[in-house]
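Asker: For chain L, the structure is supplied; the task is to place chain W on it using the hints.
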Amino acid sequence: MPTERERRFVGPRRGQLIFALFFVAVSVLLLSQIGSQTKWIEKSKLFAQPRFWPAVGLGGMVLLGGMHLYLMPWRRITRYDVTELRKWAQVLEFAAWFMAYVLLVPLIGYLPVTMAFMPLLTWRMGYRQPRMLWLSVGFAVSVVVLFKGFLSVKIPGAAIYEYLPGALRSFFILYL
Amino acid sequence: MELLQSALEILMRWDVALALLAGSVGGVLIGAIPGVGPAVAIAILLPATFSMDPIVGLTVLLGIYGSSMYGGAIPAILINTPGTAVNALTTYDGYPMTARGEPRRALSLAYSASFFGGMFSVICLILFAPVLAKVAPLFGSREIFLAALLGIILVIVAHRGQSLIAGALAAFGIFIQSIGLEPVKYTSRYTFDQPFLSSGINLIVVVLGLFALSQAFVLLTSEDEKIRMTRLRGGLFQGLRELGRHPRVATVSASFGVMMGMIPGVGEFTAQFMSYTYAQRTSKRPQDFGNGSSEGLIAAETANNAVPAAAMVPLLALGIPGEALTAMMLSVFYVHNVVPGPGLFQNDMPFVVALYIALLILNILVLIFLLFATKSLIQVVRIPNRFLGVCILTLSFVGVYSLRNSATDCVMAALFGVLGYILKRLSLPSVPIILGMVLGGIMEVKLRAGMARVKEPLDFIDRPVAFLLFVAILLVLASHVRRVIRERVDLRAAERGVQKSAHRFGNMLGRRRQIFLKDRFKKVRARHAKRLSKFKDLF
Numbered sequence: 001m002p003t004e005r006e007r008r009f010v011g012p013r014r015g016q017l018i019f020a021l022f023f024v025a026v027s028v029l030l031l032s033q034i035g036s037q038t039k040w041i042e043k044s045k046l047f048a049q050p051r052f053w054p055a056v057g058l059g060g061m062v063l064l065g066g067m068h069l070y071l072m073p074w075r076r077i078t079r080y081d082v083t084e085l086r087k088w089a090q091v092l093e094f095a096a097w098f099m100a101y102v103l104l105v106p107l108i109g110y111l112p113v114t115m116a117f118m119p120l121l122t123w124r125m126g127y128r129q130p131r132m133l134w135l136s137v138g139f140a141v142s143v144v145v146l147f148k149g150f151l152s153v154k155i156p157g158a159a160i161y162e163y164l165p166g167a168l169r170s171f172f173i174l175y176l
Numbered sequence: 001m002e003l004l005q006s007a008l009e010i011l012m013r014w015d016v017a018l019a020l021l022a023g024s025v026g027g028v029l030i031g032a033i034p035g036v037g038p039a040v041a042i043a044i045l046l047p048a049t050f051s052m053d054p055i056v057g058l059t060v061l062l063g064i065y066g067s068s069m070y071g072g073a074i075p076a077i078l079i080n081t082p083g084t085a086v087n088a089l090t091t092y093d094g095y096p097m098t099a100r101g102e103p104r105r106a107l108s109l110a111y112s113a114s115f116f117g118g119m120f121s122v123i124c125l126i127l128f129a130p131v132l133a134k135v136a137p138l139f140g141s142r143e144i145f146l147a148a149l150l151g152i153i154l155v156i157v158a159h160r161g162q163s164l165i166a167g168a169l170a171a172f173g174i175f176i177q178s179i180g181l182e183p184v185k186y187t188s189r190y191t192f193d194q195p196f197l198s199s200g201i202n203l204i205v206v207v208l209g210l211f212a213l214s215q216a217f218v219l220l221t222s223e224d225e226k227i228r229m230t231r232l233r234g235g236l237f238q239g240l241r242e243l244g245r246h247p248r249v250a251t252v253s254a255s256f257g258v259m260m261g262m263i264p265g266v267g268e269f270t271a272q273f274m275s276y277t278y279a280q281r282t283s284k285r286p287q288d289f290g291n292g293s294s295e296g297l298i299a300a301e302t303a304n305n306a307v308p309a310a311a312m313v314p315l316l317a318l319g320i321p322g323e324a325l326t327a328m329m330l331s332v333f334y335v336h337n338v339v340p341g342p343g344l345f346q347n348d349m350p351f352v353v354a355l356y357i358a359l360l361i362l363n364i365l366v367l368i369f370l371l372f373a374t375k376s377l378i379q380v381v382r383i384p385n386r387f388l389g390v391c392i393l394t395l396s397f398v399g400v401y402s403l404r405n406s407a408t409d410c411v412m413a414a415l416f417g418v419l420g421y422i423l424k425r426l427s428l429p430s431v432p433i434i435l436g437m438v439l440g441g442i443m444e445v446k447l448r449a450g451m452a453r454v455k456e457p458l459d460f461i462d463r464p465v466a467f468l469l470f471v472a473i474l475l476v477l478a479s480h481v482r483r484v485i486r487e488r489v490d491l492r493a494a495e496r497g498v499q500k501s502a503h504r505f506g507n508m509l510g511r512r513r514q515i516f517l518k519d520r521f522k523k524v525r526a527r528h529a530k531r532l533s534k535f536k537d538l539f
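Protein chains in written order, with my numbering: chain L, 1 to 176; chain W, 1 to 539.
Do not take every clue at face value.
As the list claims (entries may be wrong) - Heads up, incomplete: computed chain L residues facing chain W, CB under 8 Å, no partners named:
(1) R5
(2) F19
(3) K39
(4) F47
(5) A48
(6) P50
(7) H68
(8) K87
(9) V91
(10) T114
(11) M132
(12) P156
What the hints assert, rightly or not - Calculated cross-link-like contacts (lysine-lysine; reagent style BS3-like; alpha-carbon spacing at most 25 Å):
(13) L:K43 with W:K185
(14) W:K534 with W:K523
(15) L:K87 with W:K424
(16) W:K226 with W:K424
(17) W:K185 with W:K455
(18) W:K226 with L:K87
(19) W:K534 with W:K522
(20) W:K226 with W:K375
(21) L:K39 with W:K185
(22) W:K455 with L:K45
(23) W:K455 with L:K43
(24) L:K45 with W:K185
(25) W:K522 with W:K536
(26) W:K536 with W:K523
Calculated from the structure, these hints are not laboratory results.
Built from N, CA and C at the ideal position, the CB exists for glycine as well.
Here chain L stands alone, though its shape is the one from the complex (with noise of 0.2 Å):
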């Protein structure tokens, strides 16, 4: 049966113990590191110092989270912990599909690399009937279309449209 401070704690309880362990660890580890990451420079006011702000930020960091880690009802992990911890991983593989859109479209263009990507994590996320295939190849023509046709937002052309001829090759770094 959970006790009354559990109880009243906002949120749920599974992976906050770890969360709150990180960040403090994180801030103490950032605070050690202020002497050679920031400088001191003399006959300067404190709140003037490079330093001033960052030990504000860090030493907020370190004070708050602590005080937010030792007043936690929980001092033990538990295996939910362990199966939310694993469950922030899993959200690692779409980081990683969008690292590797990223990395595609410097190279093979916006529009060939957004009409690929669509549907490819259209059947990833388990929609296998053409309809919805179909819905995202439009979905990603018009996305293109709308922010490097129309709005003009500042997308590179991508190196393998240098291989196409004279007209195409402007056209296709200007809008696609």
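Answerer: Structure of chain W alone, referenced to chain L:
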């Protein structure tokens, strides 16, 4: 009158009209899709607005901000799922109305209440603008520093039960904004000799990671929901008439929205809570609240729609954003070298009024759009969660990569996305990180400038506004400390109460067990039994 004319001149452009239309329709659509929300949309669109004129870019973003809550009411009423976080209270009375066969009434009432809230706040602020123009110049570096500090404290204490971790996350925001080359002494801070850290961590990268990518991750790892949609029949005009029957609730709720919106870090939730409580207390039928009360729906929707215009006040007048969405908008100002703050009110008042008029037009456009397009619009609710996640992931790329065409920015955004996902899983707030970054930057600059003219510490608060702000900070801190102490006392009392009863009961059992076990008591019991039998024999 001249001011109004010059404001209208700023707005009389085809691109502004297009921005108004795109912002209002886009905002409603985004609001109507549960799981997207204005923060995600604004984060993705931010870099695209950098190439536009400030008024055009801001109109698009304001349009999304102001109209998303209208759209958010649709799934809240029809499927009991709020489209945006602030529509959560709408489900209390909106969905019961749908359940008893009145979805049309609930929707029309929500639209009318939202429209009233939006219009009321804009009109209030247009009337209030001359006063703001007089007050804003009283804010120098010290006052802006203290106002930013007050804002950050309010954001932290607003997270009840989580203020420690909210404070730690705000401090994390302050720390990450300090990374990079220090602008005055040109020394590097926490760059670890890595060139990509010299220019610091971009706010938009963090915003996109924490809001857009993390939301994509949440959707990609969740299950699709089966949605049973209610069919809508008939028009949606009856709500305007019904709203007319509750002018008091609507006006008071809108006033709460305006007041709470102006205070940094407070926002929609407090305004809604206060107006809902007020409406329930003063209602002739308080028992209906939570079971499909029209007054409850009016209170919730009016209050949340009155906030966006009011939230622009600290941003425009002082350059201090009160929450994440206005913090994102601040970056649009900076990109175009328009510095919001007292100077903007003094030198470019038509621009400020133009923004308010844009919000006014926006509310009218949204209402017209919703009255005629709701039946088709409700279909967006059917988009499956994971497919939505795929779409957001693809769109997030545009937001991050178009900033500087840097893969490192994308790695950073992905890392912040994972952090945002973890925070969402743990129900921890990510807004303090953003506000820590924005307000930390403002505080650093303003404190340095303010302290340059200060000889003794008390000189810092020798001006009336600075003193008032300082007193406000002390009051907020004191009330928070008082609340924390009361909660701790309450917790200890509850723990002691539980422990006492368990303790007493356990002790009693233990004592009885010992009594029965001890030899002496066995003898005593035997003696008593003997006496009792003798006594019985007498009769």
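Asker: Does each hint hold? Answer for all of them.
Answerer: Evaluation of the provided hints:
no. : hint               : in the structure
1   : R5                 : holds (7 Å)
2   : F19                : holds (6 Å)
3   : K39                : holds (4 Å)
4   : F47                : holds (5 Å)
5   : A48                : holds (5 Å)
6   : P50                : holds (4 Å)
7   : H68                : holds (4 Å)
8   : K87                : holds (7 Å)
9   : V91                : holds (5 Å)
10  : T114               : holds (6 Å)
11  : M132               : holds (7 Å)
12  : P156               : holds (6 Å)
13  : L:K43 with W:K185  : holds (12 Å)
14  : W:K534 with W:K523 : holds (16 Å)
15  : L:K87 with W:K424  : holds (12 Å)
16  : W:K226 with W:K424 : holds (23 Å)
17  : W:K185 with W:K455 : holds (22 Å)
18  : W:K226 with L:K87  : holds (23 Å)
19  : W:K534 with W:K522 : holds (18 Å)
20  : W:K226 with W:K375 : holds (19 Å)
21  : L:K39 with W:K185  : holds (9 Å)
22  : W:K455 with L:K45  : holds (11 Å)
23  : W:K455 with L:K43  : holds (15 Å)
24  : L:K45 with W:K185  : holds (12 Å)
25  : W:K522 with W:K536 : holds (21 Å)
26  : W:K536 with W:K523 : holds (20 Å)
Violated hints are absent here; each numbered hint is respected by the structure.
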